Amino acid sequence: MGLAGLNGDGAAAGGGAPVRRILALGGHDFTSRPPDRAVCELLLRLASERGGERPRICILPTASGDTSDQIGRFYGAFGERPCEPSDVSLFRLGRRPMALHDHLLAQDLIYVGGGSLVNLLAVWDAHDIASILSLAWRRGIVLAGQSAGAMCWFEAGITKSSGKAREAAGLGMLAGSLCVHYNNEPDRRAAYLEAVADGMPPGYGLDDYAGLLWEGEGSPAAVTARRGARAYRVSTRDDEVNESPLPARFLPAPAPAALREDIAEFRRIKTMRKRAGWLG
Amino acid sequence: MESGNPLLDDYVLGLTRAERPRVCFLPSASGDADHYIVRFYRAFSAHRCEATHISLFRREQGPEDLRRHLLSQDLIYVGGGSVVSLLGVWRAHGIDAILREAWEAGVVLCGLSAGSLCWFAEAVTGFHGAPKRLDGLGLLPFSNCVHYERGGSRREAYHRFLLEGMRGGYAAEDGAALHFTGTELSRVVASRPQARGYRLDVAGRRVVEMRIATTFLGDRGVELARPVPEALSTAVAA
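In order, the protein sequences belong to chains C and X.
Following this note's numbering, the residues of the first sequence are numbered contiguously, the last one being 280.
Following this note's numbering, the residues of the second sequence are numbered contiguously, the last one being 518.
Calculated directly from the structure, the hints in this document are not laboratory data.
Remember, it's a predicted structure, so these values are computed and weren't measured experimentally.
Note that beta-carbon positions come from the ideal geometry of N, C-alpha and C, so glycine has one too.
Treat the hints with care, as some may be off.
Label pairs and their computed distance ranges (CB to CB) [what the hints assert, rightly or not]:
hint, chain 1, residue 1, chain 2, residue 2, range
1, C, Asp29, X, Asp345, 28 to 38 Å
2, X, Arg322, C, Glu41, 17 to 27 Å
3, X, Arg300, C, Asn242, 55 to 65 Å
4, X, Gly498, C, Gly76, 25 to 35 Å
5, X, Arg380, C, Asp102, 53 to 63 Å
6, X, Glu344, C, Glu41, 10 to 20 Å
7, C, Pro82, X, Val487, 38 to 48 Å
8, X, Arg300, C, Pro82, 23 to 33 Å
9, C, Leu105, X, Arg300, 26 to 36 Å
10, C, Asn242, X, Gly409, 42 to 52 Å
Below, simulated SDA-like cross-link-like pairs (lysine to any residue); rule was C-alpha separation at most 20 Å, straight line [claimed, not checked]:
hint, chain 1, residue 1, chain 2, residue 2
11, X, Lys412, X, Val482
12, X, Lys412, X, Gly386
13, X, Lys412, C, Asp125
14, C, Lys164, X, Glu344
15, C, Lys164, X, Ser335
16, C, Lys164, C, Glu194
17, X, Lys412, C, Leu100
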């Protein structure tokens, strides 16, 4: 398997320190398309390994400014699954107060949505969220995220928070740097390779639908939910920047949720018509 | 941007003395909420001003040179929400320094709730949980408390903070606006007949709350064109 945590328990046996886990994703959405379903399945599985049958999964949509769109898509993906989804929207606390510390530390998986990396860290800093996340990580709560929500765990990332692609600092829980949307946004990859050549700590590049899973110490395991989507190790040697794809485990998409009856009916009729030669 | 009540919007537009003022909305405290931006464009419609907004969560849209854009405005309007998040995001993008520069250049700065607190040296925020003390940008060397209603938790907390050493300052009830020219209070105006502004200080070991004469903008015969003391710059906090 190559992914220890997909088999084992989140906490080390024998009461030792919990295994620290972070899943960094290069980019995905919460749609019903197969690769998005595969990513959700992995998130759910990681959460279940810690939290059992109904794990708690919380989204931090801070990087988007807590948009209803991002929050809605998250609930769309997890609302009907065996878990307890919730959101911590720092911009909406006025209308919906919550005990941030207690709520976040009661989760099995904390998912950070995409958006502006610079704003994400600035707002977290203002609300003192980083220390809570660091504690959550040390307690074995899975930390995950895509795009800005993936780069935030590293020392640095390549952000477009100011328009153009440029370097920005992260929380530094993982050593090195990360560049997301790697081959999907060539300008971002170019800015990354240039920054690494100029002294930015090297690290990883992640295409959309590729991910890296850290479990405890050591190297991460690469996963991919779409054929051709890859994770890269970006390193320097003798002033040269090297980029090498990492072998990745393919995440198959689970069967889609039961289709709504009317859509299923429509598809049946369409298939029948096709068979009968009514449609091209 | 009170719904159905344009009195304060009209008032701040009047302060610019421009025929077609350039107005930029900063909705950062709301996380750049779409519905809030729509409300701004409705309140500051194209027939009376040239309205724009800056979304710091979506920098790929909107003006690239923030400083240039903000310094070219007649009025900068800061929306409400979380003042803690607001200041965090502003600092990350260097907006705090640009706003000071705009203020010194005579651009009218205004805002409500979090958009009022931000201009002061100290503020009382009650956005989330129990009211807390917070440092603002410090353009105005006072403290500030908004939503200052009788019996409200903010009022009580403000008095406590003052006794604990917070500098004196100004409070505004909903609908009241504190109009400063430079760092001096010029007047208090209101969009609601009962709304008032207050001056707060500590004398001995007591909080002294002084109600400030407030002009209701809806009264007939209110002389809006009355010149305010010659402006270095103006800030209006509602």
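Ascending list of hint numbers which this structure does not respect
2, 4, 5, 6, 7, 8, 9, 12
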